[in-house]
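Enquirer: What follows is each chain in one-letter form.
Protein chains: 6
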Amino acid sequence: MNDTPIHPFRSYFEDLKIGDSLLTHRRTVGEADIVAFGGISGDYFYMHFDEIAAKDSQFGKRIAHGYFVLSAAAGLFVSPAPGPVLANYGLDALRFIKPVGIGDTIRARLTAKRKTDRNRKDDKGVGQGVVAWDVEVTNQHGELVASYDILTLVAKRS
Amino acid sequence: MNDTPIHPFRSYFEDLKIGDSLLTHRRTVGEADIVAFGGISGDYFYMHFDEIAAKDSQFGKRIAHGYFVLSAAAGLFVSPAPGPVLANYGLDALRFIKPVGIGDTIRARLTAKRKTDRNRKDDKGVGQGVVAWDVEVTNQHGELVASYDILTLVAKRS
Amino acid sequence: MNDTPIHPFRSYFEDLKIGDSLLTHRRTVGEADIVAFGGISGDYFYMHFDEIAAKDSQFGKRIAHGYFVLSAAAGLFVSPAPGPVLANYGLDALRFIKPVGIGDTIRARLTAKRKTDRNRKDDKGVGQGVVAWDVEVTNQHGELVASYDILTLVAKRS
Amino acid sequence: MNDTPIHPFRSYFEDLKIGDSLLTHRRTVGEADIVAFGGISGDYFYMHFDEIAAKDSQFGKRIAHGYFVLSAAAGLFVSPAPGPVLANYGLDALRFIKPVGIGDTIRARLTAKRKTDRNRKDDKGVGQGVVAWDVEVTNQHGELVASYDILTLVAKRS
Amino acid sequence: MNDTPIHPFRSYFEDLKIGDSLLTHRRTVGEADIVAFGGISGDYFYMHFDEIAAKDSQFGKRIAHGYFVLSAAAGLFVSPAPGPVLANYGLDALRFIKPVGIGDTIRARLTAKRKTDRNRKDDKGVGQGVVAWDVEVTNQHGELVASYDILTLVAKRS
Amino acid sequence: MNDTPIHPFRSYFEDLKIGDSLLTHRRTVGEADIVAFGGISGDYFYMHFDEIAAKDSQFGKRIAHGYFVLSAAAGLFVSPAPGPVLANYGLDALRFIKPVGIGDTIRARLTAKRKTDRNRKDDKGVGQGVVAWDVEVTNQHGELVASYDILTLVAKRS
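First to last, the sequence lines map onto chains F, A, P, C, W and E. Letter 89 of the first sequence, counting from 1, is numbered 387 in this note's numbering, and no numbers are missing. Letter 97 of the second sequence, counting from 1, is numbered 395 in this note's numbering, and no numbers are missing. Letter 158 of the third sequence, counting from 1, is numbered 456 in this note's numbering, and no numbers are missing. Letter 156 of the fourth sequence, counting from 1, is numbered 454 in this note's numbering, and no numbers are missing. Letter 48 of the fifth sequence, counting from 1, is numbered 346 in this note's numbering, and no numbers are missing. Letter 66 of the sixth sequence, counting from 1, is numbered 364 in this note's numbering, and no numbers are missing.
Just chain F, with the same shape it has in the complex (with noise of 0.2 Å):
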């Protein structure tokens, strides 16, 4: 498993390697990204906004959304200029392991791990294949706070 910077999520459908992997920069959660995201969302889950209840759970404090931490970490390596990768359309086995609070760190690991052509193009005759990346997202002490593939729809050369 070779390691370049942000690399392979930059790469064309045939230029991609099974086991090539990048891992992204990182980033702090702080208590404005529950309150914002919350907002966003709509998802008000007590676990996010009553310090009180949330000291009383199962984790003891307040912690981000599941899905702050999946949009978040897809904010860690998609690219906003026009590239290979077309579109993420589908996500599998995403569990989340431990929880994200207040203060924490994140980034995630990239690998790709199975690349299936498709023989169509797209109308502008784009050849396109899926690519699946295992994504895991880990903490500042190193520790797995989810796990999920994420299948792209890959542009080839051409």
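Errors might be hidden in some of the hints.
[Claimed, not checked] Per the computed footprint, the stretches of chain W lying under chain E, defined by three or more beta-carbons under 8 Å from a beta-carbon of chain E, are: (1) 341-352; (2) 371-382; (3) 391-403.
These aren't lab readings, by the way, just hints derived from the structure by calculation. Since the model is a prediction, treat every value here as computed from it, not as a measurement. We treat Cβ as the ideally placed atom computed from N, Cα and C, and that holds for glycine.
Starting from the known structure of chain F, fit chains A, P, C, W and E onto it as the hints suggest.
Expert: Showing chains A, P, C, W and E alone in chain F's frame:
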């Protein structure tokens, strides 16, 4: 499949029957949602923020983040108040089937599809079970935009 | 005064009894709430944004906007789904009794205090009545932070 | 009633005359305000977020939160800088008279209607009085959208 | 240099004297500002979002975006109401001298340093001049954090 | 002037050549950006928030904050990951040439225009140089909307 208002997602493990279903209220998606979600996630993918590139893409317009659809759907059924549902700890087989554009209105249907007793209690002596829900998010035309299963940890009445 | 979960604010005019009451779940107020509320309202009063002036003030610290407390309290009991409550069209006798600071956790108690039949129907033939609710917002110490009455337009079952 | 720019809300108790009035600048309300206010308040009432249900309602369209109108109006006249107005501690007789929709532009007129001397000083020896203001919020058509009285604690000049 | 409250930035071109100065009220910077500014700008530089990398940097901690400091300073002196200042169309010699960290409180001093008559009127026949302001942003210790000149287009009295 | 993707802003001081240039991806500006930027900055200037006054102004419509354009442009080229660019510590000769309105799409071109070796190392023994970049922000019509130089501190490869 009997359609009870928002009830099933408020039920204790014992009371929930396979097939119990709920149809949530709706939410209209706007450009402000895309901007806010891009900001909180850090996901500035061009399909969300670049009208020119989006117009030139397979979808022909800017679309909402898939994880926004997922998160906003959760906001439609997650109860803010402490209740039997203790956590949403996993998600399987998420597929984004149709894009959600500016002005679309989404809602979700949840259906209890599997119950698994966990023969253990938490440190407060509360028995728990796992409930798998089938979630279907649809738009104002009744078209399926996203489909997935969520795994929730649900308390027993004891 | 019988304490039903979130029920009374979901009742039709005929079903609601004077004295029906509900105690909402809680919300912890953070600095992010002050920043976000100042931003959306445009109310940058120094008691919210200037730690130095706030320390030197009667309260000795930055406090949340009173209208944030009012708005967040509404967020604790307003149902997102269409139901019998058609509108909150008025408010009387609002008094901010104690400041809400960063880290405080608030909740609200609503009690139906007055019902007034309106002998008219809306254009859909739905009969309506006015319900006046006494609202008390308290903090984690059970201290009253705000008190007011709200006037809601409530549909009849017909 | 003499119309001074933003002056009266910057006056010391002694200098303020009953009938002093100010007309604020304006603010145009957009969908982004509704989304942001729903998020910060947690009030996701369908009249604000569900275009389909809102179209089918008495108002025929999505409308801004009443408390947003109240909060945005305060943002039009509250001074961010420390001054004679020490606090807005109460509000009476708030009525939402006309809905504020996307694209409407609001402004507020404040008129000093009552002065009450409080024969006490704060711990800094600053004398204080209570000023009751009549507030009228109007839209771009000059129609009254909200009306209420606010109670402010105002410092004396020395 | 005579210190008038917020007056100079509300003066007509003819009334403004070189050396007229104002010291704004203050704003305390919090983590929520960093999160919100990163989101709206899309600038997720690690000095703002990665506590681990920031601790290991020259500054030893997360810091606010420089452009947030610039923007928040403007928020301290820009009048929301239409007035003589028509636009801030340029900026020169901006230097970020000291970082602004979480919990710091900033304020700005503006001093009129140059007036240039523009012998033309806009399409409404309003005469205009250019005023160059020296801006100094300081923190709670009176340390200079940013320094720059802004160029404003200011209306003549008639 | 050779057009490399996003590369120059990721180069070490020694590797960067005068004339190296990059053209960023694009961002479409919406009303939500104006609302969010006004909120975070506290800059509620009527050209951004008052449609009536803005229509009556020189520009004839609401426009985005100049500092939003500056900040969003930075978001188009600043790398979130630690790299050779250590800081953007200064800016010169900023001119807002054309307003950016709702629906406009902006992008930026950076061109390295000056390199200055600083014969000192930071406390980690990393050599540094200063790079001045010419930045031009254009809209969807290729019109220049803002022009300025930024000064960055860039690490040497050593």
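Enquirer: The structure should be examined with respect to each hint, and the outcome stated for every one.
Expert: Evaluation of the provided hints:
1. 341-352: With 8 residues closer than 8 Å to chain E, the segment 341-352 of chain W meets the three-residue bar; holds.
2. 371-382: holds (count 8)
3. 391-403: Three-residue rule met by the segment 391-403 of chain W, so holds; n is 4.
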